[in-house]
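Guided by the hints, dock chain B onto chain A, whose structure is given.
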Amino acid sequence: DAKTTQPTSMDCAEGRAANLPCNHSTISGNEYVYWYRQIHSQGPQYIIHGLKNNETNEMASLIITEDRKSSTLILPHATLRDTAVYYCIVRATGGSSNTGKLIFGQGTTLQVKP
Amino acid sequence: DVKVTQSSRYLVKRTGEKVFLECVQDMDHENMFWYRQDPGLGLRLIYFSYDVKMKEKGDIPEGYSVSREKKERFSLILESASTNQTSMYLCASSTSGQGDYGYTFGSGTRLTVV
Numbered sequence: 001d002a003k004t005t006q007p008t009s010m011d012c013a014e015g016r017a018a019n020l021p022c023n024h025s026t027i028s029g030n031e032y033v034y035w036y037r038q039i040h041s042q043g044p045q046y047i048i049h050g051l052k053n054n055e056t057n058e059m060a061s062l063i064i065t066e067d068r069k070s071s072t073l074i075l076p077h078a079t080l081r082d083t084a085v086y087y088c089i090v091r092a093t094g095g096s097s098n099t100g101k102l103i104f105g106q107g108t109t110l111q112v113k114p
Numbered sequence: 001d002v003k004v005t006q007s008s009r010y011l012v013k014r015t016g017e018k019v020f021l022e023c024v025q026d027m028d029h030e031n032m033f034w035y036r037q038d039p040g041l042g043l044r045l046i047y048f049s050y051d052v053k054m055k056e057k058g059d060i061p062e063g064y065s066v067s068r069e070k071k072e073r074f075s076l077i078l079e080s081a082s083t084n085q086t087s088m089y090l091c092a093s094s095t096s097g098q099g100d101y102g103y104t105f106g107s108g109t110r111l112t113v114v
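One line per chain: the protein sequences are A and B, in this order.
Heads up: the first sequence runs through residues 1 to 114, numbered per the numbering used here.
Heads up: the second sequence runs through residues 1 to 114, numbered per the numbering used here.
Chain A extracted, bound-state conformation:
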C-alpha cells in the first residue's frame, strides 16, 4: 500500500475552513484515498474517501489532484468539536484486497481555536 505524508499538526480558527493536506506520491491506479479522524479517547471515525474525482459529504470535502499524488481534506466551517487527529490513508479495494485492510500512520493533529 502507498505511504502517505501529513503534517504533524495544524491550527485553525473556529468558523474558518480547515485544509488538511496529504501527499501520496506512490499511489497506484486502483488505490482510494480515505480520511478518518479520531477525537480524544474515542475510536476513529470515517470521514470520506475518493478515487480521482472530488467528493463531498455532510462532514467534509475531498480534493484530489489530477495526478492523484496529493489530496486535501476540507472542513468548511471548523468548530471546536473538530479538534482531532486526522488520518489520510490510501488503500486498494476489490480483488485480493477485498478485506479493505487499512494501515494508519501518525496523522495530523488539528487544533481548532476559539
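Don't read these hints as lab results, they were simulated from the structure.
As the structure is a computational prediction, the values presented were derived from the model and not from experiment.
Errors might be hidden in some of the hints.
Where chain B lies over chain A, by a calculated footprint (3+ residues, C-beta under 8 Å) [said to hold, decoys possible]:
(1) 27-41
(2) 44-51
Estimated spans, in silico, between C-beta atoms of each pair [as the list claims (entries may be wrong)]:
(3) B:Tyr10 - A:Gln45: 18 to 24 Å
(4) A:Gln42 - B:Phe20: 18 to 24 Å
(5) A:Ala17 - B:Lys18: 47 to 53 Å
(6) B:Thr15 - A:Asn54: 50 to 56 Å
(7) B:Glu17 - A:Ser28: 41 to 47 Å
(8) B:Tyr10 - A:Asn54: 37 to 43 Å
(9) B:Gly16 - A:Lys113: 24 to 30 Å
(10) B:Asp51 - A:Gly105: 26 to 32 Å
(11) B:Glu62 - A:Asp67: 23 to 29 Å
(12) B:Tyr10 - A:Leu80: 21 to 27 Å
(13) A:Gln45 - B:Glu62: 27 to 33 Å
(14) B:Glu62 - A:Ile74: 26 to 32 Å
(15) B:Met27 - A:Lys52: 26 to 32 Å
Idealized CB from N, CA, C, for every residue including glycine.
Chain B in isolation, oriented as in the chain A frame:
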C-alpha cells in the same frame, strides 16, 4: 445508533490472567479487525477476520489470539496478560461488498495489566 460495541470501556487485569475482549457489530459486515493504539506508535493491526472461523495475522499478533464463531462477534484473547499489553484496544468492521469500504470502529477498551 451504536453499530460496533466493545464489551468494556475500561479493564484492569493482573499479569498472567487470560483476558477476553469482545466485539459485536450489527451491520452484517464480513470483515472485522482488532487494533491496539499506543502513544507515539499509532494504530497497529493485531488480527483480522474476513469470514466466520477465518483469521489472519496483522502486524503484531504475538501474545494474542482471536476467535470468530459468529459473523457478528470477534473476540481478542490475551492468553497470559503481560504489562506490555497495557493499551487501548480498538475493534472495527467493514464490508467487502460494493460501495463504501469505510471502517466502523468501536469506542475502544482501555486495558491496564498490573
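Here is how each hint holds up against the structure:
no.: 1; hint: 27-41; in the structure: holds (count 4)
no.: 2; hint: 44-51; in the structure: holds (count 4)
no.: 3; hint: B:Tyr10 - A:Gln45: 18 to 24 Å; in the structure: holds (21 Å)
no.: 4; hint: A:Gln42 - B:Phe20: 18 to 24 Å; in the structure: holds (22 Å)
no.: 5; hint: A:Ala17 - B:Lys18: 47 to 53 Å; in the structure: holds (50 Å)
no.: 6; hint: B:Thr15 - A:Asn54: 50 to 56 Å; in the structure: holds (52 Å)
no.: 7; hint: B:Glu17 - A:Ser28: 41 to 47 Å; in the structure: holds (44 Å)
no.: 8; hint: B:Tyr10 - A:Asn54: 37 to 43 Å; in the structure: holds (41 Å)
no.: 9; hint: B:Gly16 - A:Lys113: 24 to 30 Å; in the structure: violated (46 Å)
no.: 10; hint: B:Asp51 - A:Gly105: 26 to 32 Å; in the structure: holds (28 Å)
no.: 11; hint: B:Glu62 - A:Asp67: 23 to 29 Å; in the structure: violated (40 Å)
no.: 12; hint: B:Tyr10 - A:Leu80: 21 to 27 Å; in the structure: holds (26 Å)
no.: 13; hint: A:Gln45 - B:Glu62: 27 to 33 Å; in the structure: holds (29 Å)
no.: 14; hint: B:Glu62 - A:Ile74: 26 to 32 Å; in the structure: violated (40 Å)
no.: 15; hint: B:Met27 - A:Lys52: 26 to 32 Å; in the structure: holds (27 Å)
Comparing the model with each earlier hint shows violations of hints 9, 11, 14; every other hint is respected.
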